[in-house]
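Whenever a hint applies, use it, and build me the whole structure from the sequences.
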Amino acid sequence: MGLFNRRKTVFVDSDILVIGGGMSGCGATYESRYWGRDLKIVCVEKANIERSGAVAQGLYAINCYMGMQWNENQPEDHVRYARNDLMGLVREDLGYDIARHVDSTVHKFEEWGLPMMRDPKTGRYQREGKWQIMIHGESYKPIVAEAARKAATEVYNRIMVTHLLMDKTKANRVAGAVGFNVRNGNFYVFRAKAVIVCAGGASHIFKPRAVGEGMGRTWYAPWSSASAYALPILAGAKMTQMENRIVLTRFKDGYGPVGAYFLHLKTYTQNAYGEDYEPKWYESLKAIVGDYVDRHPVPTCLRNHALLEEVKAGRGPIRMVTKEAFQDPHKETVGWENFLGMTIGQAVVWASQNIDPKHVNPELTTSEPYVMGSHATCSGAWASGPSDYAPAEYQWGYNRMMTVAGLFGAGDTIGGTAHKFSSGSFTEGRIAGKAAVNYVNDLGREQPQVSETEYEDLRKLVFQPLETYEVGRNEIVAGTVSPSYILPIHGLQRLEKIMDEYVGGISAHYTTNEPLLTRGLELLGMLKEDLAFLGAEDLHQLQRAWELHHRVLASEAVTHHTMFRTETRWPGYYYRADHAKLDDANWHCFTLSRYDLQSGKWEMEKAPVYHIID
Amino acid sequence: MHIDTTYRRAYNIEPNMCWECYSCVKACPQNAIDARGYADFAPLGHSVRALREEAKGTISWKIKFRDGREKNFVSPIRTTPWGSIKSPAEYAAPNSEAFKAQELAHEPEALKIERLPALTPGKLKQGLI
Ligand SMILES: Cc1cc2nc3c(=O)[nH]c(=O)nc-3n(C[C@H](O)[C@H](O)[C@H](O)COP(=O)(O)OP(=O)(O)OC[C@H]3O[C@@H](n4cnc5c(N)ncnc54)[C@H](O)[C@@H]3O)c2cc1C
Ligand code: SF4
Ligand code: SF4
Chain A
1 MGLFNRRKTV FVDSDILVIG GGMSGCGATY ESRYWGRDLK IVCVEKANIE
51 RSGAVAQGLY AINCYMGMQW NENQPEDHVR YARNDLMGLV REDLGYDIAR
101 HVDSTVHKFE EWGLPMMRDP KTGRYQREGK WQIMIHGESY KPIVAEAARK
151 AATEVYNRIM VTHLLMDKTK ANRVAGAVGF NVRNGNFYVF RAKAVIVCAG
201 GASHIFKPRA VGEGMGRTWY APWSSASAYA LPILAGAKMT QMENRIVLTR
251 FKDGYGPVGA YFLHLKTYTQ NAYGEDYEPK WYESLKAIVG DYVDRHPVPT
301 CLRNHALLEE VKAGRGPIRM VTKEAFQDPH KETVGWENFL GMTIGQAVVW
351 ASQNIDPKHV NPELTTSEPY VMGSHATCSG AWASGPSDYA PAEYQWGYNR
401 MMTVAGLFGA GDTIGGTAHK FSSGSFTEGR IAGKAAVNYV NDLGREQPQV
451 SETEYEDLRK LVFQPLETYE VGRNEIVAGT VSPSYILPIH GLQRLEKIMD
501 EYVGGISAHY TTNEPLLTRG LELLGMLKED LAFLGAEDLH QLQRAWELHH
551 RVLASEAVTH HTMFRTETRW PGYYYRADHA KLDDANWHCF TLSRYDLQSG
601 KWEMEKAPVY HIID
Chain B
1 MHIDTTYRRA YNIEPNMCWE CYSCVKACPQ NAIDARGYAD FAPLGHSVRA
51 LREEAKGTIS WKIKFRDGRE KNFVSPIRTT PWGSIKSPAE YAAPNSEAFK
101 AQELAHEPEA LKIERLPALT PGKLKQGLI
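Taken in order, these protein sequences are the chains called A and B.
First residue of the first sequence: 1, per the working numbering; consecutive thereafter.
First residue of the second sequence: 1, per the working numbering; consecutive thereafter.
Keep in mind that the hints were calculated from the coordinates and are not lab data.
Nothing here was measured: the structure is a model prediction, and the numbers come from that model.
Honestly, I wouldn't trust all of these hints.
Said to hold, decoys possible - When the alpha-carbon atoms are kept at most 25 Å apart in a straight line, the in silico SDA-like pairs for lysine to any residue are as follows: (1) A:Lys-581 with A:Gly-88; (2) B:Lys-62 with A:Gln-327; (3) B:Lys-71 with A:Gln-353; (4) A:Lys-528 with A:Leu-458; (5) A:Lys-121 with B:Lys-62.
And the structure:
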């Protein structure tokens, strides 16, 4: 077929390959250059790093800053906070590591030109909450990207990475990655000594609230397509806490975040009849989670629980009381700029529906679940901890190296460390970057050995959907219904429906059980088989096809983990109706999985939680 | 956004995978791109427009409600000249001991405290907290 012949194969050799140029990828690129002055450092991104990733729109706050210079918080405090919010289970070694470095990252951001708000009385950064500081962050990402561009040997934009390459001479060692240019269709073979996966979290694995034109208006970016999980999974890396999906309370339809509203503007919620509903659900929560209900601050998932139950009881909609706060013109400005700076779609919804929060209390709702490692959840790859204090069981190599040699990760990619956010993700990228330089230096002259058969096979596989479409298209007159292929959007909608109905999405009130999960896995299995029959009309759809592959694999991981953990640890995120209570005796542990590419089987195990901080 | 080759105009090829992030709106030097809220839930007649001026270092917003009310906001976007960030390679190269130490680039100075905090491994314990 002519389709293949027109495409060039481009080889790119590097010492360190950073996959994904979002917050953590930019941090990894920057730090790799600081330590690896003579190394070839390549960053590859499927969009353009200038605006790519979850921070594309900008942000209005940096959600992870200690303020050690003013003795506001110490790293230990942050570990306690994240542990509490995640109902006891975090990798404290990794979390402490980020917290102790994060202030230097934020100070660099300010030096680079990020406008920080300051408290007029103290001169310190303006706090939004205990951990958050307020910024004028419309250009947060372009600023961070400038630093990464200055550091990289080369940045390759518009290349979607589809698979990692393994070393042919050493088992379980990474040797690079392959992908294709989404604009000209060239195939790329990246050979690298170390690879740092920084490819962001996963939206669109559960059915979103809007399913028509507005299905892209999710909270997490629609381009967060689970590559961060699928790439390591396919390479046989162990994953952790994949069941720990996140559900967010957000302003209705625009998914505008509520943090600044609660913390800074001091707005509060009430049900349709003006009542404070949270205390009503205290007893029901206590029955599920015991003493965890009395922790302060109340864990994010537990606050969702009250809202969900109140809506189920027929007393919705839940509203944010903004009318009082918005009488203060300063607060009104902050309220609007908060969205213009990071979730413009919310301002669009309010303008279109004539909602002025000064006169109307806007509705809140809960989002569909997302899989991420950097927010108030910690799904992701199982990584080695810092060498100066991590427990032996958490230390098998270089800091942030996964269970595959030479394969590192940061940000949403790495599991067990919640509440990193933008600054912590960049910081974790820096930690991984320095560790990768040490790894490369220790390797010496040894070059990664990639097998030609491996990348040639992948090349055929990657472009197959174009051929499937071209051939199959001849069988139909017009339209999208074909007997021999499905389009990426069809597969995506099937995936979202399966996850929604069987694995605890919105239409199931976030509830599932073993029979549902078992059936969900059967259906996911058939979907996986059908992915061999994806048809892609053009290169844009080819990208969608591979994003779908990655989403399906991550979804399978989520389902297996959810099945394995026979308890309800995070009510408000999801419920195992057949194991309706938190069970510390059996489940005060991490869940780990490993996928075997040959057999398609998942192996599950438990790993201990070490508490390093009192 | 893609360009239609016949009309030589840009259009949104896949609105149902658009995040309304406004990256395209802000990037267009002609301010030629406008957005309209998703048909699923946004009634017509509104607009949210941005004017991003790199040289001035500001972004200005004009919000028009369906009923005609308007709101305007302006925010700073950057405090330093574009392109002014130093490459990490322009700083003095780290010495060989620094590689195996825990400090990252620019630390401890950039932390603005005396030294990088650390934990003692002896404190580890397994179990409930
Ligand atoms: C609406 C919203 C509001 C938020 N608010 C805040 C806040 O107020 N404060 C705060 O600190 N944090 C906030 N966050 C969180 C913050 O944005 C994330 O924690 C952070 O961006 C995670 O960094 P990351 O590098 O893991 O992922 P990202 O920054 O998303 O980067 C991932 C990158 O990988 C690329 N990529 C993905 N797949 C591939 C592939 N296969 N090949 C090549 N490239 C690929 C993507 O295009 C992207 O550039 C918010 C997030 C959202 C969505
Ligand atoms: S608003 Fe963002 S997601 Fe939508 S077309 Fe423009 S750049 Fe793409
Ligand atoms: S004028 Fe704007 S919309 Fe048109 S091609 Fe240029 S950047 Fe794109």
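Starting from the hint list further up, note which numbers the structure goes against and sort them upward. Per hint list: single violation, 5.
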